[in-house]
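Participant: Please model the complete structure; the sequences and the hints are all you need to start from.
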Amino acid sequence: MKKNYFICPAHALICIIFLFFITGIYSREAAKLSKGENMNIETVIQKGKEHIIKTALSIYEDKYKDMPINLSLYSITIWRNSTEIKVVFTRDVTCRPLHKKNDNLYYDIVIEIFGEKVSPFDMFGTDKFFIASKEESAIIDTIKKKMKMPLPFCKNSIYETEEWYVASITSRHSFGKFFFDKKTLEEIKDMKIEGSYAQMTRPDTPEDPDPWVELFKDK
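Position 167 of the sequence shown, counting from 1, maps to 167 under this note's numbering, and the rest follow consecutively.
None of these hints come from the bench; they were simulated from the model. Check before you lean on any hint, since a few could be wrong.
Keeping only pairs whose Cα atoms sit at most 20 Å apart, straight-line, the calculated PhoX-like set for lysine-lysine is [as the list claims (entries may be wrong)]:
#: 1; residue 1: Lys-128; residue 2: Lys-117
#: 2; residue 1: Lys-101; residue 2: Lys-182
#: 3; residue 1: Lys-146; residue 2: Lys-134
#: 4; residue 1: Lys-128; residue 2: Lys-49
#: 5; residue 1: Lys-217; residue 2: Lys-47
#: 6; residue 1: Lys-189; residue 2: Lys-145
#: 7; residue 1: Lys-148; residue 2: Lys-117
#: 8; residue 1: Lys-134; residue 2: Lys-101
#: 9; residue 1: Lys-183; residue 2: Lys-144
The model shown is predicted, which means the values in this text are computed figures rather than measured ones.
Facilitator: Shown next as structure tokens:
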């Protein structure tokens with residue numbers, strides 16, 4: 001005698017939901033392991049620079065996948081103290097267009113590996129994070145090429161005034177400002193300002209009991 005097997009649609013739906021629930025738990029646990037949770041700092045460091053950067057980007061994408069990082073605009077460094085590893089994405093050339101001259105913009109991103117924190121977004125949101133428009137990007141790229149920016153060991157920035165675009169390059173010992181026509185983007189060479197700073201003695205600062213140390217400096 002043949003048996004007829006019939007699965008109630010309600011039971012089938014419950015089974016599907018249960019499978020999704022179990023799969024979700026597994027995925028979250030797998031993600032935690034891939035990010036180095038339950039590992040100590042030395043173990044994560046041994047995995048190397050590229051692994052740490054990929055882990056940081058994974059943390060970022062989990063939170064801000066609609067705002068991807070354009071890696072070509074950043075210098076990337078990795079730091080550690082006794083409890084944390086952080087990946088710092090520093091904008092090579094900052095830019096302030098005229099319509100944002102009064103805004104307190106930010107440009108850099110810091111991602112903590114163990115705490116899974118993304119600064120400054122987690123605390124202050126993303127509204128003041130500067131992302132250039134297509135037109136602004138073209139202007140920035142043109143001036144960067146003309147000035148061979150970014151110059152190493154300097155603060156490199158471009159800002160807009162009512163009359164000019166200005167490229168500013170500042171180091172610990174010197175500074176320069178270079179002015180560009182807003183229509184042609186040609187440098188107005190007789191307007192450039194260059195100078196040097198007098199050497200100053202830095203005041204003593206309290207020693208950090210748990211200082212950040214840069215990793216992979218020579219790699």
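Participant: Are any of the numbered hints broken by this structure? If so, which, sorted upward?
Facilitator: When the structure is compared with the hints, numbers 4 and 7 turn out to be violated.
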